[in-house]
Amino acid sequence: MPSAEEARKVGTALVAQFDDYLLPRLSRLDAPLLVVVGGSTGAGKSTLVNSLVRAPVSATGVLRPTTRSPVLVSNPADLAWFQRGQLLPGLVRTAESSADPRTLQLVSAPALGAGLAFLDAPDIDSVVDRNRALAAQLLAAADLWLFVTTAARYADAVPWELLTTARLRGTVIALVLDRVPADAAGDVTAHLQEMLASRDLGAAPLFVLPEAALDGQGMLAEDLTRPLHDWFAQLAADSDARATVVRQTLNGALIALGPAVAGLAEAADEQIVAAKALEDRVQQAYRNAKRTVSDGLRDGRLLRGEVLARWQEFVGTGEFLKSLESKVGQLRDKIFSALTGRPLPGRNLQAALESQLVTLLRGVAADAAEQAYGSWQAHPAGAALLAPELQKPGADLPQRADRLVRDWQQWVLGLVREEGSEKRVVARGAAYAVNGAGLAVMIAVFTSTAFLPTGLEVAVGAGTTVAAQKVLEAIFGDQAIRALATRAREDLLARVDELLDQESARFTDRTGAVGIEADPGSALRRAAAAVESARADLALTGSTK
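According to our numbering, the sequence shown is numbered sequentially starting from 332.
None of these hints come from the bench; they were simulated from the model.
Computed from a prediction, not measured in an experiment: that's the story for all the values here.
Some clues are possibly wrong.
Stated by the list, open to error - Straight-line C-alpha distance at most 27 Å; calculated DSS-like pairs for lysine-lysine:
| # | residue 1 | residue 2 |
| --- | --- | --- |
| 1 | LYS723 | LYS607 |
| 2 | LYS723 | LYS621 |
| 3 | LYS621 | LYS607 |
| 4 | LYS607 | LYS340 |
Input sequences plus hints: build the corresponding full structure.
As structure tokens, this is what we get:
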């Protein structure tokens with residue numbers, strides 16, 4: 332569905348935030364506060380981190396991107412918490428610099444106060460897709476996001492999109508405007524503050540760093556970074572202030588789950604509706620096929636052509652009556668057949684019945700496959716699930732249809748044999764032959780009126796048909812022969828239903844393979860409501876908002 336790709340991204344991001352931030356932070360509200368330093372390419376993030384901790388802990392340089400894997404800097408006393416891997420568990424901890432974005436380099440810096448850590452993230456607008464995705468993931472794990480931009484790039488669109496996302500999540504934000512020329516400081520700062528205010532970010536602390544040369548270690552002079560350094564030092568020293576930041580960001584992240592999960596629930600509902608619509612289209616196509624078979628057994632159309640000719644021959648030449656004579660007559664016919672090479676009585680009729688039914692089944696299966704394929708092709712979700720082979724029936728359908736009809740014919744003969752044995756009927760002083768009676772019952776299945784002549788049968792010789800009916804009624808009874816025909820028809824239709832259900836499953840198995848759970852939208856809404864209730868009870872910020 333059109334909503335699927337965006338919903339998949341949102342779902343993946345939410346799961347990442349649960350694992351990377353929400354669950355670890357909820358398990359330890361007093362864990363060190365994590366400041367994620369993020370921003371545009373070349374904004375000077377790594378230089379700023381190094382300058383704040385007064386050590387070259389993060390690589391800097393002119394080649395972009397410089398920071399490929401994140402670097403986390405903390406006081407030695409806090410290092411154990413970050414080494415345990417509860418926060419950002421998907422990243423492998425390492426003590427060495429790495430170009431692998433799946434690693435997290437841990438560095439201790441005694442100059443950084445305990446209770447606070449900096450994480451130097453990859454560029455949010457990196458030319459490397461993996462770096463951009465990692466930057467977004469790290470920002471979602473921040474207690475506080477320190478956004479670094481420059482006088483030349485502060486109005487770029489990408490940073491503002493992420494700033495807006497951070498605000499909606501409730502993340503505490505501080506900003507650094509770096510490399511500001513002295514003659515433009517007033518104008519640039521004023522414009523940036525206007526942009527922040529227009530996006531409800533006016534309360535975010537803003538620090539302005541002038542354009543300046545770096546020292547021999549690639550760091551800014553201490554007097555330039557002192558306001559920012561002192562702000563963080565005060566935050567590190569004040570446990571209540573840190574707790575306020577953590578609780579505000581955590582509370583905002585939990586509140587933001589509501590709209591995000593509501594959107595996922597709507598997308599999940601669309602999936603259910605689409606899957607049902609696709610399955611309904613398939614079911615309709617194969618219901619039509621089943622109805623065609625059922626109608627064919629009721630309206631006499633299957634009595635046309637070869638079947639009709641063989642039935643008339645079978646009855647009109649006396650073979651039907653002969654087949655109901657003694658077993659001696661059966662033995663005589665077998666010997667005659669062996670000597671002359673001619674088929675046994677009724678064999679031609681049985682073959683015609685089989686051929687007519689198989690042709691019908693193959694035809695309706697082909698029509699249903701084509702109809703279902705076309706209906707899916709017209710649906711945005713169905714088109715993506717189609718495969719060329721679905722446009723036709725299954726490759727083994729002819730064999731399964733042949734087997735179905737042969738098995739049904741044998742079942743009918745068994746049914747007649749069972750009914751005859753219960754009646755203990757003797758015709759003309761001898762046991763009757765099952766085959767002739769069985770064939771007559773099969774013919775009865777082909778018309779809703781059993782042997783009562785229809786217009787079609789009258790036209791081809793109702794007299795012989797009625798004569799055949801009278802013989803069978805004499806053996807089984809009027810109601811019994813009708814009951815036999817009804818049971819045979821029901822059994823045949825049940826077999827046909829199973830065959831066509833197997834054919835339709837070629838389509839519905841594809842919707843099932845998508846793995847859509849039953850009513851996932853409701854499950855998501857219940858989960859979101861439970862989280863919201865727990866968040867309100869926790870009162871992270873002293874209120875439910």
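Violating hint indices (sorted, rising): none
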